[in-house]
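Novice: Listed below, chain by chain, are the residues.
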Amino acid sequence: MSGAVSGMSGAVSEKSAAIEVRAVEKRFGNVGIIRDLNLSVAKGERHAVIGPNGAGKSTTFNLISGHIAPTSGEVKLNGDRISGLRPFEINRRGLSRSFQVTNVFARMTVWENVRCAVLWATGHRYAFWKNVDSLPEVRARTAQILDDIHLTHRRDVPAGLLTYAEQRELEIGITIASGATVVMLDEPTAGMSNAETERAVALIRRLTEGKTLVIVEHDMSVVFGLADRISVLVYGHIIASGTPEEIRRDPKVKEAYLGEEAH
Amino acid sequence: MTTATTSTSKVAADSVGGSLRFYGIWLIGIFVLIVLPMIFSSGGSLTSFSLIGIAIVFALSYNILLGQTGLLSFGHAVHYGLGGFAACHMMNAVVSHGWPIPLPFIPLFGGLGGLVFAMIIGWVMTKRAGTVFAMISLGIGELVASSSLILRSVFGGESGITTDRTALPKLLGWSFGPQLQVYYLIAFWLVLSAIAMYALTRTPLGRICNAVRDNPERVQFIGYDPHVVRYIAFCFAGFFAGIAGGLAAINFEIANSAYLGAIQSGLVLFSTFIGGTAYFFGPILGAILVTYLQLGLTNLTTAWQLYFGIIFIGIVMYAPGGIAGLLMMHRPLIRAGTLWTVIPSYLLAIVPTVALACGVILTIETVARFSGGDPINLFGIAFNPTSPVTWIAAAVLVVGGGFVARLTWQRIAEAWDRAATVARDRGYLA
Amino acid sequence: MLELIVISTLNGVLFGMLLFLLSSGLTVIFSMMGVLNFAHASFYMLGAFFGFQLTKWIGFWPALVLAPLLVGAIGMAVERYGLRNTHKHGHVAELLLTFGLAFAIEEIVSMIWGKSPLDYRVPALLDFPAFTIFSTNYPAYKIFMLAVSVIIFVALLIVLKRTRVGLVVQAALTHPHMVGHLGHNVGRVFMAVFGVGSALAALAGVIAGPALVTQSDMAASLGPILFVVIVFGGLGSLPGAFIASLVIGLVQTFAVALDGSLASAFGPLDPSAGPSVLTDVWNVTIAQVAPIVPYLLLVIILIVRPMGLMGTRES
Chain A
12 MSGAVSGMSG AVSEKSAAIE VRAVEKRFGN VGIIRDLNLS VAKGERHAVI
62 GPNGAGKSTT FNLISGHIAP TSGEVKLNGD RISGLRPFEI NRRGLSRSFQ
112 VTNVFARMTV WENVRCAVLW ATGHRYAFWK NVDSLPEVRA RTAQILDDIH
162 LTHRRDVPAG LLTYAEQREL EIGITIASGA TVVMLDEPTA GMSNAETERA
212 VALIRRLTEG KTLVIVEHDM SVVFGLADRI SVLVYGHIIA SGTPEEIRRD
262 PKVKEAYLGE EAH
Chain B
1476 MTTATTSTSK VAADSVGGSL RFYGIWLIGI FVLIVLPMIF SSGGSLTSFS
1526 LIGIAIVFAL SYNILLGQTG LLSFGHAVHY GLGGFAACHM MNAVVSHGWP
1576 IPLPFIPLFG GLGGLVFAMI IGWVMTKRAG TVFAMISLGI GELVASSSLI
1626 LRSVFGGESG ITTDRTALPK LLGWSFGPQL QVYYLIAFWL VLSAIAMYAL
1676 TRTPLGRICN AVRDNPERVQ FIGYDPHVVR YIAFCFAGFF AGIAGGLAAI
1726 NFEIANSAYL GAIQSGLVLF STFIGGTAYF FGPILGAILV TYLQLGLTNL
1776 TTAWQLYFGI IFIGIVMYAP GGIAGLLMMH RPLIRAGTLW TVIPSYLLAI
1826 VPTVALACGV ILTIETVARF SGGDPINLFG IAFNPTSPVT WIAAAVLVVG
1876 GGFVARLTWQ RIAEAWDRAA TVARDRGYLA
Chain C
3 MLELIVISTL NGVLFGMLLF LLSSGLTVIF SMMGVLNFAH ASFYMLGAFF
53 GFQLTKWIGF WPALVLAPLL VGAIGMAVER YGLRNTHKHG HVAELLLTFG
103 LAFAIEEIVS MIWGKSPLDY RVPALLDFPA FTIFSTNYPA YKIFMLAVSV
153 IIFVALLIVL KRTRVGLVVQ AALTHPHMVG HLGHNVGRVF MAVFGVGSAL
203 AALAGVIAGP ALVTQSDMAA SLGPILFVVI VFGGLGSLPG AFIASLVIGL
253 VQTFAVALDG SLASAFGPLD PSAGPSVLTD VWNVTIAQVA PIVPYLLLVI
303 ILIVRPMGLM GTRES
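The listed protein sequences derive, respectively, from chains A, B and C. Position in the first sequence (first residue = 1) + 11 = the working numbering. Position in the second sequence (first residue = 1) + 1475 = the working numbering. Position in the third sequence (first residue = 1) + 2 = the working numbering.
Some clues are possibly wrong.
[Claimed, not checked] Which stretches of chain C does chain B cover? Using the computed rule of at least three CB atoms under 8 Å from a CB of chain B, they are:
1) 52 to 65
2) 78 to 88
3) 138 to 146
4) 201 to 213
[Stated by the list, open to error] Pair ranges (Cβ atoms, derived):
5) A:Phe139 x C:Val279: 29 to 37 Å
6) B:Trp1598 x C:Ala126: 51 to 59 Å
7) B:Thr1816 x A:Val112: 33 to 41 Å
8) C:Trp63 x A:Asn64: 34 to 42 Å
9) C:Trp63 x B:Ala1733: 53 to 61 Å
It is worth saying that the hints were derived from the structure and are not from the lab. Since the model is a prediction, treat every value here as computed from it, not as a measurement. We put the CB at the ideal spot given by N, CA and C, even for glycine.
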């Protein structure tokens, strides 16, 4: 629980904030999807974003990771402004994200999938003069991650042929492979059975040890079991931010969200 | 060379056996290239082998785009042609200035010609992938082909630029006058280019090209700019296409606007796709087959291009993995020992499938020769294109052969499913 | 000079409208199905050749109706038995299929009708000068072509704006990912759209055949220009395709009509310098450059506006 912030305010001092979203707005045409979004995630914190369907959770992820640019406002990563940068530029600064819909390299093997995600961070970039198979640190790191996500026995299978749960695990593996210090997971357990979910949560807990984690999740048991802090997003606006206990008690949250959906 | 470009995780070099097999295949390839002209030494075969060698380099360069990076280009001949012109100009310059550059170095300048153009135009072209890239490559191809007729001082107008390869400084006493010496020059560059292009698939860049092919969006979230990846791949493809063009310039001692044109671009697409884009050796098979057919069919029929079109459509619809894909499908079955269960249904399918093919050929030739009235010679049997007997025979073969062939194909599919299930159970198939 | 401008404007608009007859079908098919139909210009060519053959057998006016219907049927068959089976292999495979088809159609056409231009005449009923501007007789047939193009254009507008199918097509243009939710008859809608697109291309072929050259390479020479039009206009945008058709039609017509070169404008270069790229560029006439003008426009738009004139979509 290192870096967890206590207290109601939700304000994190700028220095220790891994992600700082300030007054971000996103409009598609005349429709405002996100309005005055403020979010602060401390370094080392596990932060869950919850909210009803269509609240703009995935859009928030896309705004932070550079998939789409905000109409106004700014996003900071470790104190540096990242809004307006391209996704790969943001990724190179140490922020990595997964996708809600599985988004792997379908024709490449599990091993290749993870290895590709390791290459930039290990400094090999666009190298066309090195044999990719004889890079010891790349091989070691890829093997380690495959081991971590329990897919070593499936290493030579094309990713497109994996089972759904395996693809979700691979998705997490690709996301953490670069060693990013800020990891964002978009509904990592969506569509999984209870047993698979349990496994995935343990996996996430272990793999994001010492990192900053932002997670979007529908399963409340996952959220309350994993998160240090929770933000509630409704209609593109964060209505509450706090510890799981505070969120559980917050009357606004109950009214807007938990009252109807949490069972 | 049998290693799939998409799965080399089990690195051949990891085990001694795999390593031996890997280098063995390359050594066998080199050996074949060396002894081939000793077995088939006629002038005609040497010319064919030379053309096939050039076509292989060209098709392999095309597969850097299509198979490795997922870029469908309709204008790849631009780099081939510019490489050819660069080589011709270089050869003439070497002769007129008396530079000490022997002929075997000339293809390198062809490669540079292709590379320089790719570097200039590539950044704009590779901004977008998919359909848009395909359309742009078509447009750029037309632009260059049309411009070549305007810039006469560079491209020599309709007649092109001629050169004399024997006028260059000799190397080890070789004048490169005889076709045999040109063949070995081409074979040398073929081996060199093939090794370089294969090595490229096994670099970090080569792997990221595959990732861009599979999922350009996700690549951005592992730190890569897909535009840069496409651009570098495009430059490499341009370079090796230029080498192929340089070899062609040496072989024909001329470069003209046909090198740059849409037909050349179409042929390399056909070769690569028919051979199979998912495996490194696919384009090699395709280039051999297409060049061989092209040389063989032009003498037999006026409609030879139509046969290419039909084969190509058939591959696109029924075997998008190409010939290499069809062959490699059998690997897990061989390993699992279930291939023999499929073979009887293959044998059964041969007769009706050949009948169907004969029917199609007869139909095409009937139409092609209807006004001329030349007889059709199909496996020694003469058919008169204006006779109703021929029409009926064609119709019976197409309809009857097609009907029976479909049944036997279904049988193959069923037998295949059973064999694949067994292979899967035994762990040879994912 | 004024005469040249008036005549070239008329011809340019006419060529532009013809291009739009083709590019509109191509755009709608692309928007709905994600397929860029490489064989679209081949359907145009088939229209011209069928038109020629049917005119010989049953006369021009029945041919004008029958040839597009025949080609439309071929288009529907291509969609039903070709594209639909290839769909599972992705858009590149579909594009390759239509590429192979374009190649095969060209070969079949030259096999049946030969490679030389056909004697496809303007129907006698329309073989008279419509009016005379300055000293040029403007043929009635061209006015007829323009009229047909405009009628089809207006009809398309009405269908798009007023009918149920039109609404579906419009929805597909703006929200391509929604096409999958059209319901169980999506296959039939695709087939119909493909058929109508092919028929329109064939209609353009039938009416253009007598005025332009009917030859087996007409698809190969028009096809690339067509793709320039829709990339220039912005893939998937009908207004973009309309503007781009007219722009390219006019630009190319004017370029062909102009005979000037840098040499004629600024005087010849010093002949002692010898031939070089500079002399090539200096002496080439605008008319000679005309074939490459569309592609130059393509390169320029790609640098300035990679999405095309009115495009909004990535791919």
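Novice: Each hint should be assessed against the structure and marked as holding or not.
Specialist: The hints, checked one at a time:
For the region 52 to 65 of chain C, the stated coverage by chain B is not satisfied: 0 residues place a CB nearer than 8 Å to a CB of that chain, which falls below the threshold of 3. Under a criterion of three residues with beta carbons nearer than 8 Å to beta carbons of chain B, the stated coverage of the region 78 to 88 of chain C is upheld, 3 such residues being counted. By the rule of at least three residues with a Cβ nearer than 8 Å to a Cβ of chain B, the coverage given for the region 138 to 146 of chain C is violated, with 0 such residues. Judged by the Cβ-Cβ criterion of 8 Å, the region 201 to 213 of chain C is not covered by chain B as claimed, because only 0 of its residues qualify and three are needed.
Phe139 of chain A and Val279 of chain C have their C-beta atoms about 33 Å apart, which keeps the hinted 29 to 37 Å range intact. Between Trp1598 of chain B and Ala126 of chain C the C-beta distance comes to about 55 Å, which sits within the given range of 51 to 59 Å. The hint said 33 to 41 Å for the Cβ distance between Thr1816 of chain B and Val112 of chain A, and at roughly 39 Å that hint holds. Separated by about 59 Å at the C-beta atoms, Trp63 of chain C and Asn64 of chain A break the suggested range of 34 to 42 Å.
Checked against the given bound of 53 to 61 Å, the beta carbons of Trp63 of chain C and Ala1733 of chain B, roughly 42 Å apart, lie outside it.
The earlier numbered hints that this structure contradicts are 1, 3, 4, 8 and 9.
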